[in-house]
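Student: What follows is each chain in one-letter form.
Protein chains: 2
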Amino acid sequence: MNFQPINIDSKFALFSEQWSPKVIAKVNDYLVKIGKLQGDFVWHKHEETDELFIVNKGILRVDFREGPVFLTKGQLLVVPKGVEHKTQADQECELIMFEPEKTLNTGNITCDITVEKLEWI
Amino acid sequence: MNFQPINIDSKFALFSEQWSPKVIAKVNDYLVKIGKLQGDFVWHKHEETDELFIVNKGILRVDFREGPVFLTKGQLLVVPKGVEHKTQADQECELIMFEPEKTLNTGNITCDITVEKLEWI
Numbered sequence: 001m002n003f004q005p006i007n008i009d010s011k012f013a014l015f016s017e018q019w020s021p022k023v024i025a026k027v028n029d030y031l032v033k034i035g036k037l038q039g040d041f042v043w044h045k046h047e048e049t050d051e052l053f054i055v056n057k058g059i060l061r062v063d064f065r066e067g068p069v070f071l072t073k074g075q076l077l078v079v080p081k082g083v084e085h086k087t088q089a090d091q092e093c094e095l096i097m098f099e100p101e102k103t104l105n106t107g108n109i110t111c112d113i114t115v116e117k118l119e120w121i
Numbered sequence: 001m002n003f004q005p006i007n008i009d010s011k012f013a014l015f016s017e018q019w020s021p022k023v024i025a026k027v028n029d030y031l032v033k034i035g036k037l038q039g040d041f042v043w044h045k046h047e048e049t050d051e052l053f054i055v056n057k058g059i060l061r062v063d064f065r066e067g068p069v070f071l072t073k074g075q076l077l078v079v080p081k082g083v084e085h086k087t088q089a090d091q092e093c094e095l096i097m098f099e100p101e102k103t104l105n106t107g108n109i110t111c112d113i114t115v116e117k118l119e120w121i
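Sequences listed follow chains V and R, in order. Position 102 of the first sequence, counting from 1, maps to 102 under my numbering, and the rest follow consecutively. Position 24 of the second sequence, counting from 1, maps to 24 under my numbering, and the rest follow consecutively.
Think of the hints as simulated: they come from the structure by calculation, not from any bench. By construction, the Cβ of each residue, glycine as well, lies at the ideal position given by its N, Cα and C atoms. Please note that a few of the clues may not be correct.
[Stated by the list, open to error] For lysine-lysine, the following DSBU-like pairs were computed, each having C-alpha atoms within a straight-line distance of at most 30 Å:
id, chain 1, residue 1, chain 2, residue 2
1, R, Lys-81, V, Lys-86
2, V, Lys-11, R, Lys-45
3, R, Lys-81, V, Lys-102
4, V, Lys-86, R, Lys-45
5, R, Lys-102, R, Lys-117
6, V, Lys-73, R, Lys-57
7, V, Lys-86, V, Lys-11
8, V, Lys-26, V, Lys-117
9, V, Lys-73, V, Lys-11
[As the list claims (entries may be wrong)] Each pair of labels, with its calculated beta carbon distance range:
id, chain 1, residue 1, chain 2, residue 2, range
10, V, Arg-61, R, Glu-116, 36 to 44 Å
11, R, Glu-66, V, Thr-110, 43 to 51 Å
12, R, Gly-82, V, Val-23, 21 to 29 Å
13, V, Asp-90, R, Cys-111, 46 to 54 Å
14, V, Leu-104, R, Asp-9, 30 to 38 Å
[To be verified] Which chain V residues face chain R? A few, computed with CB under 7 Å, are given here:
id, residue
15, Phe-3
16, Pro-5
17, Ile-6
18, Asn-7
19, Asp-9
20, Val-23
21, Ala-25
22, Thr-49
23, Asp-50
24, Leu-71
25, Gln-75
26, Leu-76
27, Val-115
Could you build all of it, start to finish, from the sequences and the hints given here?
Tutor: Okay, here's the thing in structure tokens:
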């Protein structure tokens, strides 16, 4: 066996596309994904799963129908299953996500920013 | 609904006990746990689950039978299920863990540092 630590910042340095989550690790049937966000996402929800967000850089706004939550580096938020939300960032934000491998980035919505097949980096 | 971001460093500031993981968030049936480590743990394995470690402060050594892996802040490691390992830190280390809620800190071993009931903070 060959165990290598994974440097999160080094993984972020490997890509520049926004709204295109990459996989950096797998824990059972859950994935650790990282993504770069800027601008506005689509309202969506995940009927089958909670979703964990940890901000690595920048400021992430997570909109809920009740209002926004702001996250900065070192803060995390669990979006409960079935709850509509939308991510937004004025400046580019780096986000770490933890969720079941079948989770689609746009949840119950399919559109041009839906990523069906995730890339490992 | 009331969504509050969770500040990881603020949660670490709430306790000082070592080898006593606390729960800070739940994602489906997985828990986000944080712990302070110093010294040597016990060799153990988790037959049923992988285990995700992310270092928040200090240097963590994870010993495997094949040799050690060193992790610093911003690095992660997945310990595969069934693989014997032991954590160690010369200076106090802050560790974030992600694993199923039924996961026992000492895995297949029960001893005086086994934590059966986890505290939420």
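Student: The structure should be examined with respect to each hint, and the outcome stated for every one.
Tutor: Consistency of the hints with the structure:
At most 30 Å may separate the alpha-carbon atoms for a hinted pair to count; R:Lys-81 and V:Lys-86 exceed this at roughly 35 Å. Taken as a hint, the V:Lys-11 and R:Lys-45 pair is honoured in the structure, with Cα atoms around 28 Å apart against an allowance of 30 Å. Proposed proximity of R:Lys-81 and V:Lys-102 is supported: the alpha carbons are some 21 Å apart, at most 30 Å. Between V:Lys-86 and R:Lys-45 the alpha-carbon distance is near 39 Å, which puts this suggested pair outside the 30 Å criterion.
With a C-alpha separation of about 10 Å, the suggested pair R:Lys-102 and R:Lys-117 falls inside the 30 Å cut-off, and the hint holds. Of the pairs offered as hints, the one joining V:Lys-73 and R:Lys-57 holds, with about 15 Å between alpha carbons and a cut-off of 30 Å not exceeded. At roughly 24 Å between alpha-carbon atoms, V:Lys-86 and V:Lys-11 fall within 30 Å of each other, so this suggested pair holds. Taking the CA atoms of V:Lys-26 and V:Lys-117, the gap is near 15 Å; set against the 30 Å cutoff, the hint holds.
Simply put, V:Lys-73 and V:Lys-11 have alpha-carbon atoms about 16 Å apart, close enough for the 30 Å limit, and the pair holds. About 39 Å separates the C-beta atoms of V:Arg-61 and R:Glu-116, a value consistent with the hinted range of 36 to 44 Å. Distance hint check: the CB atoms of R:Glu-66 and V:Thr-110 are about 44 Å apart, consistent with the given range 43 to 51 Å. The supplied range of 21 to 29 Å is met by R:Gly-82 and V:Val-23, whose beta-carbon atoms lie about 22 Å from each other.
Between V:Asp-90 and R:Cys-111 the C-beta distance comes to about 51 Å, which sits within the given range of 46 to 54 Å. Between V:Leu-104 and R:Asp-9 the Cβ separation comes to about 32 Å, which falls inside the hinted range of 30 to 38 Å. Annotation: V:Phe-3 was flagged as interfacial toward chain R, and the flag holds, the nearest CB pair being 5 Å apart, inside 7 Å. The restraint placing V:Pro-5 at the interface with chain R holds, with a minimum CB-CB distance near 4 Å, inside the 7 Å limit.
A least Cβ separation of about 5 Å between V:Ile-6 and chain R falls short of the 7 Å threshold, and the interface hint therefore holds. Below 7 Å, beta-carbon pairs count as interface contacts, and V:Asn-7 has one with chain R at about 5 Å; its hint therefore holds. Taking 7 Å as the C-beta contact cut-off toward chain R, the hint placing V:Asp-9 at the interface holds, the least distance being around 6 Å. Interface hint at V:Val-23: violated, since its Cβ lies 12 Å from the closest Cβ of chain R, which is beyond the 7 Å cut-off.
A hinted interface residue such as V:Ala-25 counts as satisfied when its beta carbon comes closer than 7 Å to some beta carbon of chain R; here the least separation is about 5 Å, so the hint holds. The beta carbon of V:Thr-49 comes within 6 Å of a beta carbon in chain R, closer than 7 Å, and the hint placing it at the interface holds. Satisfaction of the interface hint for V:Asp-50 is found here, the shortest Cβ-Cβ separation to chain R being roughly 5 Å, below the 7 Å cut-off. Here the hint on V:Leu-71 is kept, as its CB sits about 5 Å from the closest CB of chain R, short of 7 Å.
Of the supplied interface hints, the one on V:Gln-75 holds, with its beta-carbon coming within about 4 Å of a beta-carbon of chain R, less than 7 Å. Proximity of V:Leu-76 to chain R holds as hinted, the smallest CB-CB distance being about 5 Å (cut-off 7 Å). For V:Val-115, the interface hint is violated, the least distance from its beta-carbon to any beta-carbon of chain R being 20 Å, above 7 Å.
The structure is inconsistent with the numbered hints 1, 4, 20, 27, although it conforms to all the rest.
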